[in-house]
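Let chain A serve as the given structure and place chain B on it in line with the hints.
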Amino acid sequence: MTVKPMPSPNSREILCQPQNMMCLHFSQRGYLNRRVANLYFLMISILSCTPVSPVSPITNVLPLSLVLLVSLIKEAWEDWKRFQNDMAINNTPVDVLLDQKWISVPWKKLQVGDIIRVKQDGFFPADLLFLASPNPDGVCYTETANLDGETNLKIRKALEKTWDYLTPERVSEFKGEVQCEQPNNSLYTFTGNLIIQNQTLPLSPNQILLRGCSLRNTEFIVGAVIFTGHETKVMMNAMKIPSKRSTLEKKLDKLILTLFCVLFCMCLLGAVGSGIFINRKYYYLQFSKNSDAQSNPDNRFAVAALTMFTLITLYSPIIPISLYVSVEMIKFIQSTQFINNDLHMYHFESNTPALARTSNLNEELGQVEYIFSDKTGTLTRNLMEFFKCSIGGEIYGTGISEIEIGTAQRNGMKVEVQKSSDATHEKGFNFDDARLMRGAWRNEPNPDLCKEFFRCLAICHTVLPEGEDSPEKIRYQAASPDEAALVTAAKNFGFFFFKRTPTTIYVHESHVERMGKVEDVPYEILNVLEFNSTRKRQSVVCRYSNGRLVLYCKGADTVIYERLADRDNELKRTSREHLEEFGAAGLRTLCLAYRDLSSEVYESWNEKYIQAKSSLRDREKKLDEVAELIEKELVLIGCTAIEDKLQEGVPTCIETLSKAGIKIWVLTGDKMETAINIAYACKLINNSMKQFIISSETDAVREVEDRGDQVELARFMKENVKNELKRCYEEALQYLRTGSETKLALVIDGKCLMYALDPSLRVMLLNLSLNCNAVVCCRVSPLQKAQVTSLVKKGAKRITLSIGDGANDVSMIQAAHVGVGISGQEGMQAVMASDFAIAQFRFLTDLLLVHGRWSYLRICKVVTYFFYKNLMFTLTQFWFTFHTGFSGQRFYDDWFQSLYNVIFTALPVIVLGIFEKDVSASLSKKYPELYKEGIRNTFFKWRVIAIWAFFAIYQSLVFYHFVTASSITGMNKAGKMFGLWDVSTMAFTCVVVTVNLRLLMMSNTITRWHHVTVGGSILAWFIFVFIYSGIVLPKDQENIYFVIYVLMSTIYFYLTLLLVPIAALFCDFIYQGAQRWFFPYDYQIVQEIHRHEPDASKVGLLEIGNQLTPDEARRYAIMQLPGEKSKHTGFAFDSPGYESFFASQAGVFVPQKAWDVARRASMKSRPKTSRKN
Amino acid sequence: MSSGEGSSQSSSKKSRQPKYSRFTQQELPACKPILTPGLVVTTFILVGVIFIPIGLLSLSASERVVEIVDRYDEDCIPSDQEKTAFIQSDKTNKTCVRSLTVPKKMQHPVYIYYQLDNFYQNHRRYVKSRSDKQLRNPENEDLTSPCEPEARVDNKPIVPCGLVAWSLFNDTYGFSVGGMNLSVNKKDIAWDSDKNYKFGSKVYPKNFQQGSLIGGGKLDEKIPLSEQEDLLVWMRTAALPSFRKLYGRIEQDLEANEMITVVIQNNYNAYAFGGKKKLVLSTTTWIGGKNSFLGLGYITIGGLCLFIATTFIVMYLIKPRPYGDPSYLSWNRNPPGN
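Protein sequence lines, in the order shown, are assigned to chains A and B.
In terms of the working numbering, the first sequence has 782 at position 782, counting the first letter as 1, and numbering is strictly consecutive.
Adding 10000 to a residue's 1-based position in the second sequence gives its number in the working numbering.
Just chain A, same shape as in the assembly:
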């Protein structure tokens, strides 16, 4: 057996090197940063080893290594865990065919071309070509939960030619060659050929078993290894880790850059000074031309240049070494300990806590100004329930949707919701109409159409039944909840689909011939024309047992209407009215149609179909084209309406968020009416708002559309959109100018958006939409979602957040600054692409207003504090330089200098970054406006930094001058004098005490950890200096020897220690007092309002989620049903795969998103029943 990638003819043998596929590389975060930082520290370390260095190398290198060590240990630990995992996986045994026997070997020994056997529930060790299984028809079932989180089983089917290679004896006779594509990351596509016995057989994803999946419901399979190790599709996917950096961090880089400039200026100044200073007249320094270059007065330039390096080493603490490590640590704790563990964001029903998938973006959450939200599954529950239908021009279903209730309430009407007690209600079915239930439909005006309606529901789908065959116990595995709801509906109408084989669907039909009669009817499925986003429809060709050939089709109204036979116009008209009515009620609609086929028509078509199916190139496109040939002249049956309820707490959440100054945009694939209604229902839009609607569904557009000239249509549309935009924008400006309180809302549909996103109109669209409080984009493709997001992100330079649940939101999630995925009920694609995952939309309140705001506040404080303490420290050193003849003599002992950041001031700032909060969580939510401080970036403006810089300069002057000026005369009763090291140790003591006290001054919350660390840091300094000045070190100069004891024997020490820190903090205190008093921040007012309230906001939180209302209990029970976590493919309008489609249409290159491709292609992997070739 040989495997050949198509372009290169050599077969390859690659060791299997399994690695964990989805581990998040924390080491990736700020990687570049750290590289620049490391480079800097390396440079400083090298400099400190040269004679120009004013400090000894060890003191400089050791703390640096300590800092690096901390991050290294973290990474090493993660690597170790990964390594152990790898080892375990690498050594898992698998059966390989050797000498006609199955021999167990570890995974890592696998080679391309090996034939292996995988038993039930085992994982596939590599990408395999599926050869045979003991199941009839050569099928096997796989679970792909590890790839995409989908728990429903997928069917794989081996090529018929290879079915009987089951026993070792048989398999060893197997000889063949595989030609296949190069390894790639597209999980659900595969093109290749198998050449056996001089026959070339096309291979499809259907014969490929991917590494990471597991075998289910199949005793064993035999397969040939195609890709191993890093070439497997899973591993090719694992390489891509989206990496985002927060805006604040980018600004931090600018700050660091500024500090570099300051450092350079300081050094330059000192260097010039040293060049001027050097003079032979200072004979006691013995400057002569025989001395080293730095002391050679004949070459002042060399002196200055070398002093430059000396000073760079000396002033290097101005760049905070430990800042990045500290911030990383703080963020890590924030995300792993706080966000992931917040009980407020734990969703009990789906048993899902919040998850921060990256800790890079915590503070970004505190600055979000625009939220782009998907509708289905994000604002709504995505629990699809069959709610209403229209058959043959008649509406059935008595329910009133939540949105209708909402609409009615807006119009001032009271709606009584009465539920008849006997109404059937199960998951996916919330329908009540006596005219249809229990066979009553036979008495309706159109019983035949009803029958077609139900059969269409029962036959035209890709659902897999699971479990027992009784109506009560069966479970449906469906690609989307819509689909499951439709099949469930058919079941309740008496058309119970209970069994699927690759070629047949069995339906348990009641009441068809006469009331009470029950029979099992098999339908032979001849072709399945699958759903995809271009087609927006799905068809099945089936043969009745009596030989009748029918094509059943269901899909979006627009595509179905285009393909209807030209008759029954009355029915079409009424059905369209019904569709609009359903749409207005916020329901998701689908049209059903059928077509009777003659066997000649079918046979001639089927040939083309088979041809298309076996083509190697553009198979999908060709299949679509062939499908087009038969999906025409359809007969309309009716339409279905499915309700998707709003998630709990969505309106409140949206209200809170908009109070917080966040603008929410809804981007949905739904129809305009549905979208507007949802927007009303969740309080995004209300009647007092001025709405601008830019729609392509106008008569004028339709007229041009009917003419059928695409070029003309495009031109007209563009003109139309441009005029509309201009009109709306002018009107909006009118409203703004008059200063009226009217809020504005913009509704735009996908087609118009396509033109509005044109570079020439983009600016106008942006200006208009930025002035609107709410924007609803309907009928948009995933690519457009991403485009709109980046329009605001890049055009308006505002911070954006995207939230969504499905694969169609992936591009939007990745485009925004922060991507949030809804987890717990949906597929994993959105979550996998996201930065944060929450279970419910309403948790955004906590995520943004509490965690985001606090993180922002904390990181700002930490960064500014670091900036301050290092600048101040370095400046004291700088002032000293002026008094040393610019020689670069250090003021502080080198150990003091290097341990300053690492020990004496390290921990309190981390505690600040972890515990600081201005107001409690409940107040954060009570006063959402506080969030605006983050949007305005109040705490990390250049102005704020300038204030800190001012205080740093002031304090450094106080430290240096107070201590030196007060120590020029006799220092004690015995008249003895201090030397340099006595003075500097005194100054350093003051610095350590002051810097730590300053931290307490800037804390709004002081826990006992603050006390411990601040006290501990000061204590650590004293302990250190006691020991350090008490022992003899193997150094040339023991400057600090006994210094602290000398110092502490004088009264001067204590007087200075009291005076200098207070004098230094004096200005800061005045500033803080005056600022609070005269220019208070909002949070300060809130603190004052609630100053007497104990922080008991969360008492009894433990009980939250355990007390369920009956309704919640029901929902919970539903959620707990196994196997029901089906995935949303956006059956009707909300579809994956748009992105690449639209992109290719527009000629834009869109990188293949793994999960997007997964999504699209996963539909292809569902039972596919082609006629045997």
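I should point out that these hints are in silico values taken from the structure, not numbers from a laboratory.
The C-beta atom is built at its ideal place from N, Cα and C for all residues, glycine as well.
Keep in mind that the hints are not guaranteed to be accurate.
Estimated spans, in silico, between C-beta atoms of each pair [claimed, not checked]:
#	chain 1	residue 1	chain 2	residue 2	range
1	B	N10137	A	R1008	47 to 57 Å
2	A	L736	B	S10330	18 to 28 Å
3	A	I1027	B	Q10107	33 to 43 Å
4	A	K941	B	S10021	34 to 44 Å
5	A	K973	B	S10089	39 to 49 Å
6	B	K10104	A	K973	12 to 22 Å
7	A	M1001	B	K10104	40 to 50 Å
8	A	A946	B	L10213	49 to 59 Å
Just chain B now, kept in the frame of chain A:
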């Protein structure tokens, strides 16, 4: 995030509800200090009230110190000669007589300091040019590497080596009042730690000032370093380019208006680099020598605090801000739309 290939099976049953802890829910007990106007004013007044007395005490202590400062470098050199040549010459007579008047009674002990200005004892080249190992232990005589360029002479180690020792100050002072000599006590002028630990009692000067250039004072080779207190004082390098160093003590009261005659051996070359030399006689109090900086610092900060406190009170009276008034919230001050 799912990790490992077998995680999917175990995930469904177990509750993933986070455990409650005060830490993870960010509910640690904490005090939340608010800088209320009252607190600000109280703090200022408190600091003022504590600081001013301390300042006054320190200041008065410093004021009680009697200090005589006499700059002699200019006057102790014949004005008609080239200064540097004069001071470097072996043949010139460098004796110089000065008379000082005692302004107030000086109680013994009266401390004698010499003060140098524009002398960079804190220059990097200077500070590092010493070997503490050599100073402590006679066995480390050869450890002179940091002492460049004054490490060795004729390849023999210099003890004590380095620029610091080499440039030892060597002016001497003799005092007399009314013809009667005042004895100068030169014991105990260095810190005990220097004497006992940093400088060895068995280390004797060797090859000192034997080179072609003589930087300053010479040392008696029979006396161990720990006893050479002038050297000890000199080698505790000063922080600033202008510094005082203790020379000795006069163990006798000096009465007001007494004339003291000082005989100075003006040996040290401060002329080359334009430095000043001063002789200082000073008494001490508990705070040390005459330095009003600390006292003034305390009084200034204390005074400023009281002043600021008053200002705050006045400003509060002029422009009061109701405490915790919701109308001061920014969104209430500027209703949206304006």
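Hints and how they fare:
1. Checked against the hint of 47 to 57 Å, the pair N10137/B and R1008/A passes, with Cβ atoms roughly 48 Å apart.
2. Roughly 20 Å separates the CB atoms of L736/A and S10330/B, a value that falls within the hinted 18 to 28 Å.
3. Distance hint check for I1027/A and Q10107/B: the Cβ-Cβ separation is about 40 Å, which falls inside the suggested range of 33 to 43 Å.
4. For K941/A and S10021/B, the hinted distance range of 34 to 44 Å is satisfied, since their beta carbons lie about 36 Å from each other.
5. Judged by the Cβ atoms, the range 39 to 49 Å given for K973/A and S10089/B holds: they are separated by roughly 41 Å.
6. Between K10104/B and K973/A the Cβ separation comes to about 19 Å, which falls inside the hinted range of 12 to 22 Å.
7. Between M1001/A and K10104/B the C-beta distance comes to about 45 Å, which sits within the given range of 40 to 50 Å.
8. Distance hint check for A946/A and L10213/B: the Cβ-Cβ separation is about 52 Å, which falls inside the suggested range of 49 to 59 Å.
Violation of the numbered hints given earlier is absent; every hint is satisfied by the structure.
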